[in-house]
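What follows is the residue order along each chain.
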Amino acid sequence: MSDAVETDRRLLTVTDLRTTFSIAAGDVQAVRGVSFALDRGRTLGIVGESGCGKTVLARSIMRLNLGSNVTTTGTAEFAGRDLLSLPMADMHEMWGMELAMVFQDPMTSLNPLVRVGRQVTEHLRQHLGVGRAEAARTAVDLLNEVRIPEPEARLKAYPHELSGGMRQRICIAIALACEPALLFADEPTTALDVTVQHQILNLLGREQRERDMAMVLVTHDLGVVAGRTDDTLVMYAGMVVEQAPTGSLFEEMRHPYSEALLRSLPRTSQVSHTRLAAITGRPPDLIDPPSGCAFSPRCPYVQPRCREEVPPLSAVDDPDHRFACWTPVGSPEGMAAFARNVAEGLPQAVAVDLTAPSSTGSGGAS
Amino acid sequence: MGTFIAKRLVRLVGTLLAVSFLTFLLVNLLPGDAINALIPIDAQQDREFVEQIREEWGLNDPMLVRYGRWLGDAVQGDFGDSIVTSRTVSSEIFHRLPVTAELMLVTVGLSVMLAIPLGVMAAYREGTRLDQVISGIAQVFLSIPGFVAGLLFIYVFAMKLGWLPATGWNRLSNGLLDNLRTVILPALSLALIEIAVYTRVVRSDVMNTLQEDFVLSARAKGLSDRYILFRHCLRPSSLTLITVVGLNIGTLLGGTVVVEFLFAMPGLGKRLLDAIFQRDFMMIQGITVFVATIYVLVNTAVDLIYMLVDPRIRKAD
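Those protein sequences? They're chains A and B, same order as listed.
To convert, note that position 31 of the first sequence is 31 in this note's numbering; the numbers rise steadily by one, no gaps.
This note's numbering runs 1000 ahead of the 1-based position in the second sequence.
Careful, some of the hints might be misleading.
[To be verified] Here are the in silico distance ranges between beta carbons for each label pair:
id	chain 1	residue 1	chain 2	residue 2	range
1	B	Val1133	A	Glu93	45 to 55 Å
2	B	Ser1224	A	Gly41	25 to 35 Å
3	B	Thr1243	A	Pro266	41 to 51 Å
4	A	Asp82	B	Thr1243	41 to 51 Å
5	A	Val140	B	Leu1105	56 to 66 Å
6	B	Gly1162	A	Glu93	24 to 34 Å
7	A	Ala24	B	Gly1002	47 to 57 Å
8	B	Leu1308	A	Ser68	58 to 68 Å
Derived by calculation from the structure, the hints in this document are not laboratory data.
Quick reminder that beta carbons are idealized off the backbone N, C-alpha and C, glycines included.
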């Protein structure tokens, strides 16, 4: 990861990014110091539950958080330029051309009153000065590319005349139109039928590989990330709690939150009507985040130290696998902490002990 | 589409029946007597002559009978004669219509053309000094009635500066510039309130539209702010504006009465006012029904425009 050759491939370096929204109740610290790097043509998954700051993080890097009450600090160096300090005029050149985003809900991210055709090519025309006829040809090519049948007819349609999956394909075509170097896909399948989700993810994966485009896949679903991204960030309460190549993450989850996320996935191997292993408690208040580890109030491994000191994001044996925990899953400290908590009757530990009695503390629950 | 228009026609007929009946009733309740318009005061000493005229004009019949007679004629296109000028009501209306129609068109056109950019800018720069200035001006405009603005304009632009005529009317056939010189002050007097109302409507609708996801995705495509505002936000934000313009046509028609009087314009409003003073009941009846028809037609057109603006409504019908 730190080879000189690979530094050349480096596309995006985010350092200590923090985003705060000032609202009447106080300052919501949505992103609290996130750092990561992404190479050209690589994929990164950002995983976490609703409200963990994953979408805000993606939008902060793209400078898409609107409003005067938002402050973002840190740096996001993209191909040598810090996006966060670029003048807005330069950002307009970046958007669509270098950076593109596919949004969560294709029902609302297309303008309902504008024909699909114009929406697919308007930025092409504005950025590259492409003429009407050429834009129309490109639009047909793009729709073919994202596997939309009868593209000419679809281009004349209004968004409400298309299905959800079709609309998301349109959104992907829009994002790909100017051949961006980096694509953010923000929960691209959350609003879609399960049957369509796979097709859309496969489409994104294929385009990403063929175009050697870097992609950040934001999702709440660990299952989406598995096998589709090179690296994964697990976020909780605005911070990265675990960061690893996706393979090693699934082999050996070290952070109790990652483990809990994995455990909460429903499995087809389970008998139907099996209780979902929900994570007890709620995400913390981001106006006044808890001192110590933000996950500590919900963590089955929690120890007194966790409530006082924020654990640093650091690697133990594998330098690429970093996590922020005092009592990591699978470590002797972790096992001891869990056993102690079960013995003391700590509710979240007891709940885990009951739902998965065989997997005491082992990340490889699958 | 066919059923839509059929439904609207039924509604139009219902509205016109109600309006014409209520007007008839109101004119009937007015103090004073049509006889005053028909024969000079001194001739009214002759009781027999008065009775004869009353019989002739059917003034002694019960109101419902008179209404029925008027309605029967009206459906055949005969709206009666003015009892003052003896010309037919229809010819009077069509003679006066161009003045009022132009005044209305210029007023609405001016208001919409000013209100859209103002409202869009205010929404785009929400909370900034620019927004405060625009909203402040709108607030001031909103609190100036048309006749006050009219008096003010006459004083400043006609009397003090002498740029424009204070009263009168130049037909369009006398040259566009001369025509505009006589229409601009009355139209502006009427437009102030309209500008304010429309600006507020556009501002609040655009502010809502700016929160939409598709605006965010348009930004993420790198489209310019101006393009996003005018090519993406304006259309979804114009439905309320169209509704309000349609509804305000009524208020505006009322406003023309005052403004045409103030600027001595030979329009429908001025004619209606004269008719009321002279108890020229056929004229009152005719103009009122005509204006009501225009109002209903405009608002039917508004519903049709909705369909043009929003394809989803087209589908639903």
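Hint check results:
Val1133(B) and Glu93(A) have their C-beta atoms about 32 Å apart, which leaves the hinted 45 to 55 Å range violated. In this structure, Ser1224(B) and Gly41(A) meet the distance hint of 25 to 35 Å, their C-beta atoms being roughly 30 Å apart. For the pair Thr1243(B) and Pro266(A), the supplied restraint of 41 to 51 Å holds, since their beta-carbon distance comes to about 48 Å. The hint said 41 to 51 Å for the Cβ distance between Asp82(A) and Thr1243(B), and at roughly 47 Å that hint holds.
Remark: the range hint 56 to 66 Å for Val140(A) to Leu1105(B) is contradicted by a beta-carbon distance near 43 Å. Restraint check, Gly1162(B) to Glu93(A): a C-beta distance of roughly 53 Å breaks the suggested window 24 to 34 Å. The beta-carbon spacing between Ala24(A) and Gly1002(B), approximately 53 Å, falls within the hinted interval of 47 to 57 Å. The hinted range of 58 to 68 Å is not satisfied by Leu1308(B) and Ser68(A), whose Cβ atoms lie roughly 36 Å apart.
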